[in-house]
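Participant: Please put together the full structure from these sequences, using the hints given.
This is what each chain is made of:
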Amino acid sequence: MRYVDEYRDSHIAKGILADIRRSVTRPWTIMEVCGGQTHTLIRQGIDQLLPPEVEMVHGPGCPVCVTPLSIIDRAVSIAKRPDAILCSFGDMLRVPGSSEDLFMARAAGGDVRVVYSPLDALEVARANPDRTVVFFAVGFETTAPANAMAVRQAKLQGVENFTLLVAHVLVPPAMLAILAAPGNRVQAFLAPGHVCTIMGWTEYEPITESFHVPIVVTGFEPLDLLEGIHMTVRQLEEGRAEVENQYVRSVVREGNAAAMRVVAEVFEPCDRAWRGLGPIPNSGLRLTEAYRAHDAELRFPEVVAEVPESEVCIAGMVLQGRAKPHDCPAFGTECTPERPLGAPMVSTEGACAAYFLAGRRREAVSS
Amino acid sequence: MCLGVPGKVIEVFEEKGMRMGTVDFGGIQRRACLEYAPDVGLGSFVIVHVGFAISVVNEEEAARSYALLEEMGNLEGIDLPAEAPVTREGAAS
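Top line first, the protein sequences correspond to chains A and B.
Here the numbering used here is used: the first residue of the first sequence is 1, the next is one more, and so on.
Here the numbering used here is used: the first residue of the second sequence is 368, the next is one more, and so on.
Keep in mind the hints are simulated off the structure, nothing from the lab.
None of the values given here were measured: they were computed from a predicted structure.
Among the hints, a few may not be true.
Claimed, not checked - Distance ranges between label pairs, derived from CB positions:
#1 A/G109 x B/R431: 55 to 61 Å
#2 B/R431 x A/E265: 19 to 25 Å
#3 B/M385 x A/P206: 31 to 37 Å
#4 A/R339 x B/E427: 48 to 54 Å
#5 A/A305 x B/I377: 23 to 29 Å
#6 B/E437 x A/V252: 41 to 47 Å
#7 A/D130 x B/I377: 33 to 39 Å
#8 B/Q396 x A/V252: 26 to 32 Å
#9 B/Q396 x A/D83: 49 to 55 Å
Stated by the list, open to error - Below, computed lysine to aspartate or glutamate pairings styled on DMTMM-like, alpha-carbon distance capped at 20 Å:
#10 A/K155 x A/D5
#11 B/K375 x A/D5
#12 A/K155 x B/E382
#13 A/K80 x A/E302
#14 B/K375 x B/E437
#15 B/K383 x A/E160
#16 A/K80 x A/E297
#17 A/K155 x A/D295
#18 B/K383 x A/D120
#19 B/K375 x B/E402
#20 B/K375 x A/D91
#21 A/K80 x A/D91
#22 A/K155 x A/D130
#23 A/K155 x A/E297
#24 B/K383 x A/E123
#25 A/K155 x B/E402
#26 A/K155 x B/E381
#27 B/K375 x B/D406
Stated by the list, open to error - Covered stretches of chain B (chain A as the covering partner; in silico rule of three or more C-beta atoms under 8 Å from a C-beta of chain A):
#28 382–390
#29 393–407
#30 410–417
#31 421–429
Each residue gets a CB set at the ideal place from its N, CA and C atoms; glycine is no exception.
Facilitator: Written out as structure tokens, the structure is:
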């Protein structure tokens, strides 16, 4: 496939790795924010091919992993209502709530449907005018324009039974929270290429200045990641802290104006709690006043009790890059992709699942 | 979650007030909303995320940056594990 296959060329990968080895003189800790990038790094073993000075730590860029327990519980509770149809991306169905996940809600008779696009959920609403369709709107800046368009179409065309359960999160506030946390080890970031395809990179410029950290907008194929790491190491070695763009085939500084316009019409920033990280100011999106009629939380104000997370699971430390998955006592024993204790073990983009699926075990990785 | 797959636009049409298209992903064809790719035309490559084209691939920039990568591939290599597994299938999950 064009723009995919050529970015997996092992000859070029070796050349980039060689140049990284030549340019590195001391230890650096780099965080890739996006879970999709984590998955490629671990599955391809890229982190193990890097020189020992370059340590990759894995960030919170997995929306499935950071959606709070209380919102999962709310989705489960809505899914069990006979007057509702819950539509979701497939990843969310196995995320454990406090006592059940969406698969269990479906087994108990709830109408839970997996969709590929929010526009598919809108079609479900058109086809079922007597029931309320709730689309579980999770995701980062990349996904917000699609979800915004679906609810905008619903309003324009009078599809009143289409609603969103919104759990959107934003990348820059999470990066700021990680940098400001005591004990932070992150010295540079690979910024997620598709988030920046929508938003551009102007929001990252003040972060590089305030914290003196290089940020390199990076794509998702193995060569993209290697080149992004290469550019980051160069900046670190030269003492520079700038935003650079590796993913030039998709990202421009100003982002996607058409998408940003619709997002700004439909959503507004709000404070949001991140599973494992806690509340972060202005780190989420909610529907604007004009679209509140399509807010599932107002349509179904179920009371959901706050339940504490598992005491064993260290997902929060993993999501902040302060621990590796195999540092967790439950990793691979009490907690596996089949029976996950924490969300990073559920999603294919979660760091714990990435380590588990790549066969990394506690005894095998002792460094 | 932020998965985006590049594909070629082979059809453009209007549906329910939205500009839509058919996109070919190496033989598999799917519909995508083109509202966020206003400049797209037949034959353009777009990156598609959850049924929406989120960008039109800048083919010039792609060619220019790939040429730089190829140059780096020609740099003298140093010892690496014999089976560097970076070309295994299926990186775009």
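Participant: Each hint: holds or not?
Facilitator: Cross-check of the supplied hints:
Between A/G109 and B/R431 the beta carbons are some 56 Å apart, a value that agrees with the proposed interval 55 to 61 Å. Checked against the given bound of 19 to 25 Å, the beta carbons of B/R431 and A/E265, roughly 35 Å apart, lie outside it. Distance hint check: the CB atoms of B/M385 and A/P206 are about 35 Å apart, consistent with the given range 31 to 37 Å. A C-beta distance of roughly 49 Å is found between A/R339 and B/E427, which places it inside the suggested range of 48 to 54 Å.
At roughly 51 Å, the beta carbons of A/A305 and B/I377 sit outside the given window of 23 to 29 Å. Here the CB-CB span from B/E437 to A/V252 is close to 23 Å, at odds with the stated 41 to 47 Å. A beta carbon spacing of about 38 Å between A/D130 and B/I377 agrees with the range 33 to 39 Å that was offered as a hint. Checked against the given bound of 26 to 32 Å, the beta carbons of B/Q396 and A/V252, roughly 28 Å apart, stay inside it.
Between B/Q396 and A/D83 the C-beta distance comes to about 36 Å, which lies outside the given range of 49 to 55 Å. For the suggested pair A/K155 and A/D5, the alpha carbons sit about 41 Å apart, so the restraint of at most 20 Å is broken. Restraint check for B/K375 and A/D5: the C-alpha separation of about 15 Å stays at or below 20 Å, so the hint holds. Note on A/K155 and B/E382: the hinted pairing holds, with a Cα-Cα distance of about 16 Å set against a maximum of 20 Å.
Between A/K80 and A/E302 the alpha-carbon distance is near 12 Å, which keeps this suggested pair within the 20 Å criterion. For the suggested pair B/K375 and B/E437, the alpha carbons sit about 24 Å apart, so the restraint of at most 20 Å is broken. Straight-line distance between C-alpha atoms of B/K383 and A/E160 comes to about 16 Å, which keeps the hinted pair within the 20 Å bound. For the hint pairing A/K80 with A/E297, the CA-to-CA distance comes to about 15 Å; that is within 20 Å, so the pair holds.
Restraint check: the Cα-Cα separation between A/K155 and A/D295 comes to about 12 Å, which is no more than 20 Å; the hinted pair holds. With a C-alpha separation of about 13 Å, the suggested pairing of B/K383 with A/D120 holds against the 20 Å cut-off. Proposed proximity of B/K375 and B/E402 is supported: the alpha carbons are some 16 Å apart, at most 20 Å. At most 20 Å may separate the alpha-carbon atoms for a hinted pair to count; B/K375 and A/D91 exceed this at roughly 26 Å.
For a cut-off of 20 Å, the pair hint linking A/K80 to A/D91 stands: about 19 Å separates their Cα positions. At roughly 17 Å between alpha-carbon atoms, A/K155 and A/D130 fall within 20 Å of each other, so this suggested pair holds. Distance restraint check for A/K155 and A/E297: the Cα-Cα separation of roughly 17 Å lies within the 20 Å cut-off, and the hinted pair is therefore satisfied. With a C-alpha separation of about 11 Å, the suggested pairing of B/K383 with A/E123 holds against the 20 Å cut-off.
Of the supplied pair hints, the one linking A/K155 and B/E402 holds, its CA atoms being roughly 17 Å apart against a limit of 20 Å. Of the supplied pair hints, the one linking A/K155 and B/E381 holds, its CA atoms being roughly 19 Å apart against a limit of 20 Å. Note on B/K375 and B/D406: the hinted pairing holds, with a Cα-Cα distance of about 14 Å set against a maximum of 20 Å. Against chain A, the stretch 382–390 of chain B contributes 3 residues with a C-beta closer than 8 Å to a partner C-beta. That satisfies the three-residue criterion, and the hint holds.
Restraint check on the stretch 393–407 of chain B versus chain A: 6 residues with Cβ-Cβ distances below 8 Å, three needed, restraint holds. Only residues whose beta carbon comes within less than 8 Å of a beta carbon in chain A count, and the stretch 410–417 of chain B has 4; three or more means the coverage holds. Evaluation of the coverage hint for the stretch 421–429 of chain B: fulfilled, as 7 residues show C-beta separations to chain A shorter than 8 Å, against a requirement of three.
Hints 2, 5, 6, 9, 10, 14 and 20 from the earlier list are contradicted by this structure; the remaining hints agree with it.
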